[in-house]
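Participant: Please work from the sequences and hints to get the whole structure.
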Amino acid sequence: MHIVVCVKQVPDTKIIKINPKTNTLDRRSAPAILNPYDAHAVQEAVKIKEKTGGTISVLSMGPPQATAVIKKSVEIGADQGYLISDRAFAGADTLATSYALSKALERISKELPIDMIICGKHAIDGDTGQVGPGIARRLDIPPVTNVIEVTEVNEREKTVLIQRKLTNGYELVQSEMPCLLTVEKEINDIKYSPMPNMISAARYEPIIWAVDDLENVDRSQLGLKGSPTVVGKMFTPPRPEGGKKLDGSADEQVGQLMDILMEKKDLFTLQSTK
Amino acid sequence: MDFQDYKGVWVFIEQKDGAVASVSLELLGAGRKLADKRGVELAGILIGENVKHLTNTVFEYGADTVYVYDQPIFKHYRTESYMKALLECSDKHKPEIILFGATSTGKDLASAVATDLPTGLTADTTELDVEEETGLLLASRPAFGGNIMATILCKKYRPQMATVRSKVMKALPPQLGRTGKIVEETIALKEEDIRTKVLEIVKATVKKVRIDEADIIVAGGKGLGSYEGFQLIHQLAETLGGAVGASRDVVEAGWIDHAHQVGQTGVTVTPKIYFAIGISGAIQHIVGMKNSGLIIAINKDKEAPIFQNCHYGIVGDAFEIVPILIEQFKQALSKEKVTNTSG
Ligand SMILES: Cc1cc2nc3c(=O)[nH]c(=O)nc-3n(C[C@H](O)[C@H](O)[C@H](O)COP(=O)(O)OP(=O)(O)OC[C@H]3O[C@@H](n4cnc5c(N)ncnc54)[C@H](O)[C@@H]3O)c2cc1C
Ligand SMILES: Cc1cc2nc3c(=O)[nH]c(=O)nc-3n(C[C@H](O)[C@H](O)[C@H](O)COP(=O)(O)OP(=O)(O)OC[C@H]3O[C@@H](n4cnc5c(N)ncnc54)[C@H](O)[C@@H]3O)c2cc1C
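Protein chains in written order, with this note's numbering: chain A, 1 to 274; chain B, 1001 to 1343.
These aren't lab readings, by the way, just hints derived from the structure by calculation.
There may be inaccurate statements among the hints.
With a cut-off of at most 25 angstroms between alpha-carbon atoms, the simulated BS3-like pairs for lysine-lysine come out as follows [said to hold, decoys possible]:
| # | chain 1 | residue 1 | chain 2 | residue 2 |
| --- | --- | --- | --- | --- |
| 1 | A | LYS165 | A | LYS49 |
| 2 | A | LYS165 | B | LYS1016 |
| 3 | B | LYS1052 | B | LYS1092 |
| 4 | A | LYS185 | B | LYS1052 |
| 5 | A | LYS51 | B | LYS1181 |
| 6 | B | LYS1156 | A | LYS233 |
| 7 | B | LYS1037 | A | LYS233 |
| 8 | B | LYS1335 | B | LYS1272 |
| 9 | B | LYS1181 | B | LYS1037 |
Since the structure is predicted, the reported quantities are computational estimates derived from the model, not experimental observations.
Facilitator: What follows is the structure, encoded as structure tokens:
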């Protein structure tokens, strides 16, 4: 069993702060982290490997510093990691991103055939969730998105049984392997990494490839050039007219608010007459 | 690629359990505006099994044409089968724009279709417009982390595609009896060609919190200070008979479950009354609630951006204001009861 997990380095948007005066984001305020969904993706690969054995590889596209998320993945339990890093990849939208990653996946599968690819449901910065299904199409393997449980992996039959989240429940899906899954956070809990993993992660040197290390690459499909979407204008959203501030003492303010609420009392009477 | 060949605005009609998803009706409303501005047709594309009767609804909500794929192979949504139908239909009829709900189905399908076409796909759009002359779709979405919106364009490819958040666009009032052209399509697709099977659909047993259906939402933010402080929000919600909402920071702090999160990475809500208490009003929160009927903000910082996004604001300490509100409300309710029973 060979599982490849795609992992992205993202700014920690939880910490990132916005400068209210300039409406820009203070990038220095946010450390770069492993996309939280991808941590769950690696963890899930570890869970599967505990049953089936095999190899877990991770793949990332990004600047040289992105090796950090590969090391982090090794800490969680990945065996090896690849970083594709090249100026030619810069400025990619999701279409160009899935193209570049699929070319790297083709090379990885030549070294060791891939049975399953796992991605996060989305990355917390770009936040599109489009890269996973895009990779699946490029490699022509079935995608199963929003996975909340990998119920069974049948290596002999080359099938996998999956729970896919729906708005009010889930569906049980059987897919042929190789396939691509995108996982929700609730799929597992991230475990504390065992000490030996920490040690191997600290020593681990990811394999780094440039465009020239990949085969049959059509450069016009990479990076900014290969991206059909472009970011047009950026603007501060039109805000609704500023609200009317109620005034007076706390009691007076609430009194005014009550008058406003009571105009809508049909909404409440149901409750009150119960 | 000759852009002249691409005409019309399409909406992917998502359906489940014999009904059209509300997001698709909203998109028909939004799509109607784009189509009218461009002077072109609005079409729905409906895929499923036993779904033909839904075309009426699609017409009533604004479509001129509906392309229908009604075959057993489409009983359950599966990326591969639905994608093939959509690709074939798009190749044949060449729309200029295709819109999808940003639901798990819509996002899954749109991502696959965009890759094969290939074309650009804007994710989680919250504003849509079109250039009258060129047909260029202006799809705007909140830009990551910033207090800004970014308009994403796809200049060199057709069709242009976008997924659109639910509850952001407005459905038109349905015109009963409005009809249009039905184009029935079939695709030669065998079950063996599809590599996934849906074995079973399980409705969740746990009662899911659906704050997006509530008429009244009382949402609390980090300003409540602690898990204990946040209980005040529950109290007010209970008094008013509303649902509890929260900012992301509150969810991250573990005071409440993610199902209650309002905003860009939570739920979009449009209740009749929305209370934002101890919430600063970051854009990612605002995009999730700005279309609420009546927005009331309570915050102790008079400069908080939330005051720019509310109808009425109270500058004050939640722990002082909210208990008074609960008290006065209870009194008002008991008076109501008295008048109701005596009258
Ligand atoms: C403001 C803004 C708006 C944007 N809007 C759009 C848009 O509407 N449409 C569009 O096509 N692009 C858009 N982009 C570009 C998009 O963010 C990039 O293409 C990005 O490289 C991948 O998209 P994502 O972060 O949304 O990934 P997602 O699709 O959300 O990521 C899903 C999963 O794919 C895998 N993955 C994603 N990126 C990588 C990577 N670099 N290395 C390894 N694995 C990865 C991970 O497993 C991840 O969990 C936008 C960018 C910005 C800054
Ligand atoms: C990619 C991305 C996606 C995001 N998605 C979401 C999302 O979906 N939803 C969301 O909400 N956020 C989201 N955020 C986070 C958002 O940017 C803000 O950080 C968050 O909304 C702030 O939460 P808050 O208002 O509760 O906290 P704070 O910003 O800390 O505000 C607390 C407020 O409480 C007030 N206050 C303090 N004490 C009191 C008191 N005693 N009485 C009254 N008022 C008091 C303060 O004046 C302050 O205005 C996202 C961010 C990013 C980068």
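Participant: Run through the hints listed earlier and report the numbers of any the structure violates, in increasing order.
Facilitator: Of the numbered hints given earlier, those the structure breaks are 4, 5, listed in rising order.
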